[in-house]
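S.K.: Those sequence lines, one after another, are chains Y and R.
Note that the working numbering has the first sequence beginning at 1, numbered continuously upward.
Note that the working numbering has the second sequence beginning at 1, numbered continuously upward.
Quick caveat, the hints were computed from the structure, so don't treat them as lab data.
One or more hints might be untrue.
As the list claims (entries may be wrong) - Mimicking DSBU-like on lysine-lysine, the simulated pairs with C-alpha atoms at most 35 Å apart in a straight line are:
#: 1; chain 1: R; residue 1: K667; chain 2: Y; residue 2: K124
#: 2; chain 1: Y; residue 1: K35; chain 2: R; residue 2: K770
#: 3; chain 1: Y; residue 1: K159; chain 2: Y; residue 2: K186
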Amino acid sequence: MKEYAILLDDTYCTGCNSCAYRCIQEFRYHDQAAKGLFRTFVQINDDGLYQKRCMHCIDPDCVANCPVKALTKSEYGPVLYDVQKCIGCQTCVRMCKFHVPQFDEVARKIVKCSMCAHRINENKPPACVEVCPTGALQFGEYQEMLDRAKKLAAKNNLKIYGMNENGGTHVIVLAKADPVSFGYPKVPVKDITKSVSMGENFTVPTAIAAVAIGGFKKFSERRTRVETEEKDKLSKK
Amino acid sequence: MEKKNEVSRRRFLQVAGATGVVLAGSAFPFRNLTPAWAFGDHPQEQVPYRITKRVPQVCARACEADCAYTIVVGVDPATGVERAITLEGRPEDPVSNGKFCIKGMGFVDSLYDPDRLMVSLKRTNPKKGTDEDPGWVTMKTEDAVHEVIEKLKTYKPEEILMASPGDPYTNRLAQSIGCTRADQRTECFGTHYYLNCLTLTNPPNKFYSSCYTPSHHVCGYDYDNSKYQIWFGFDSFSKCGKAGMLNHWAAGKKNGCRIVMFNPVRTPMTDGYASEHYAIKPGTDLAVALAMINVILKAGKYNADFIHKYSDAPVLVDEKAKAALKADDGRFLAWCTKHKKAEPVDECDAPALDGGPFKVSVAGKEISTKPVMQLLKETTKAYTPEWATKISEVPAKDIRRIALEFAAAAPYSMVPTYKRDAAGPNYANSWRLRHAINILNTLSGSIDHEGGILLLHDVKMPWIDEIAPPVAPYPEQPAKPVDFRNEFPVTDNIYRKRDFSAPGHYGMVGWGLYKTNRAKAVFFRNPHRGLFSMIQSQMLEKSTEKLELVVDWNLYLDDLGYFCDYVLPAPHQFEEGKMDLRLYYPKYPCIVGGSPVQKTPGDQIGWGGLAAKIGLALAPKYWTTDGSGDPAKKIPTNIGDVAVKKAGIAENAAEFMKNGGFWIDKKPYQNYRTIEEIGYGRPHGRVRMYIDEFAEVDHSPLPIWAPRWHETSGDFKFSMLVTRAPWHMHADPNFINNPVLKEVTIRNHMDTVWMNPKVAAKLGLKEGDKVILENDPRYMKDLPRPQKATLHLTKRVAREDCVLLFHGIGHRAKNLKVAANFGYRDGDLIPQKDPFMSKKHDPTGMGWVEDVFVSIKKIA
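Chain Y extracted, bound-state conformation (with noise of 0.2 Å):
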């Protein structure tokens, strides 16, 4: 399947909240957004428009410790939410290192972006890039959209955020100035993003090889171990 992402180019975003307002009207979440609850807001501050969402990381830290796997990564980009599974605990809240997932008291549940995926089903882009009145968010294939930034970064001197922060996600940030001086989240960067990329580079025999040399050193932690016990009977004798 194909891996999908976001590329906002923040040069061309003028902070008119239609992305926020079409995923309100499209989940039909207008009394949670209300409270401030808003699964993608624009927010216009003195260096920069902070388009604050889930980044769907490569290797997100909600998935991995969401104790009843309500999160879940797809293979094709969006980090899912099961709102039945939630028990609304907010561990996702504590772990997400953009911030991200907002907890709603009276649902007792999270607020976040799932990059609708029910659109993405039907093949068409997430409803907040198709309002994008002036393209600023752009939509398509995560290599594609990851060498477009590239491109643009080159062509044009921006910055690229969400290519390595937290290993990479698939939510492509371009920017004038380093995002992380208008609001974006200073978050640890990893280059994962080839090794863990799914699909063309994650390969079955690297699990394999994975697992294999772990296996080989717990065997060599065994042989070292019965060799050091032979050589206590043998000192004992």
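Start from chain Y and add chain R according to the hints.
M.R.: Frame of chain Y, contents of chain R only:
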């Protein structure tokens, strides 16, 4: 413990083998990527609502672009009820290009606003005010309309004020009754409208149609193909939300257009779209524009072909009379350098652009003349970039360079301007800036040219008078109207004789109502601005104590309603059919239509029907085909039917809508063709730079420098800049009573007053401080109403001598549950205009919304 974690050789091989088998059967090995769900099975992969139908519509009343889109109707999963869910774009629409904005979507949800007005209301408590209980009684709308009509009948025409924009029905109504129509909505377009009329569109013309769409213009801007643009305060926060424009700006940016922006505020438009930004001193854009004219003329870098063929540059002006010279048949005259005499400009093969004076004999009398171009050079001679720097604080070398770059990019260079920018209603000298801008666009030859200013052509929406001519001349309009139009002959002439839809003086109608007894009955056609559409509404509020009848026709009971005797319920705009030209981007002849998405849910009455009822009762002669007054012979008002039939695209509007409600003729734009058809000096029409009419009222026929009307003094030192959140329009409850949009406003600090952090530090003010803003009593002499607000410190206000206020937040109507008592009201700080003072500064009487200096003090 150590031992437990060890793996035996056998165990290792067993586990490794089993894992290998599992992994080999899966293409999805990564730890966190375990496919918990097969594709398509996850709950979030299910469509959240079921679509039942799509209804074409056209936006209105949210901005001037009027995007075409489709309303998506579906089954709400929460209730199981069918309702409008959201919008989808119409990619074929040349304005929206398939996009729409947050306000358009706001209209979808306001259909179901629980605060919508469903019935007619009649006041029982004579005491008016937002803090008074009106003692409303509900009425059947039919009965309320009947009572209103019976009361209106008791007044003379000059005692009635129709507070309404000049739509086809209002025009017919106000003209047939003979009462004044003062515009509550489009005055912000007034400066643009009148200067465009006087330089370019020369109404009536063969294409001009409705005031509903952009700025009363017949023009739009070809941002997509422009190469160089200069924006004077054009990049406001409100622009940040206009999808019908944003998609074109984005296209222009992709095409490499350079944009130079002058604005004391740095908006996201500046961040994303400006090639250069200058934090100009507020109200001094005119100086920069004049200096640019000076540079272009001195360097001879104007578009010579255009100004010879399509402008009045060679036209001779009588120096003494300050009027363009015309032959007996009305054609402009030019000085022929070959024949050494005055000749009709179109027949002159060597017209002089400079020099003179040339002596011309008219009716046996010798007069001294000079070409317009020569006079323009003389008028702007002193306006050097160095001179402009002292006023505007924009570096002279940049002004010079920008002017020459602008000229070099001609005719793909332009200065766009609409509504609330520096050339709009902002300053008493804004009309001069608008004039200077039209001259810059003339010098570049971008008017009526691809990549520049596009003129509406080859399509028309008729006025009612064209399909139902009045059986007799309309009665004279009041000699002394309550909005004091008569004090402004230049614009009054256009309103009375050339285009009755011309913007009125809403910025002084409050003054007229408060200071005089000219009006006794006011009918507000008010979707949905309330008192917020007025500056210093305290004058109107006070005047209602003496007014005998105040009526509002409205979607909501808003704060204006608290001063009314009757409030009649209006339909939502999505409950009405529409027919619209693409005036905002008129590159191609195009018509789009909209259908009602639902029936009105209450006892609402549409404006067309209501206007006809009032008209038939008060002026039956003009509302019947034979003047008999017989309701059976009511005049036709089917404008849409006539428009589509005339365009040859359908038999009637119903058929047009059945076929999708969209028609476009994508033929290539014919440069300079339309200006010949509609401009001055027809049949070979031209753009007019020299405006005789201004000379007749002791103003300069060519733009000259004038400082702002107000001056700073003492604590009143902050220039009050006004903008709007991208998701608001005035205090329209469609948006301001929307709880989500309120939250978006708060989170973006747009319910606060914005100030530069440096000046705040000097004053000891901090983020979140509660402050009070007050006017200089020298300028706010009556009914001052200082405003309390919260302070937000931001570098987006790029200067220390100004503060930024957001227009259209908050509402005083207590029944509007979300909007009530939210924010502050900028309009209370803007004085209504004394017409006698206004006309000394502005022959259009349209400017000075931002000619205000305020003090800011922390509330203890």
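S.K.: Confirm or reject each hint.
M.R.: We went through each hint and held it up to the structure:
no.	hint	verdict
1	R:K667 with Y:K124	32 Å, holds
2	Y:K35 with R:K770	24 Å, holds
3	Y:K159 with Y:K186	14 Å, holds
Comparing the model with each earlier hint shows no violations; every hint is respected.
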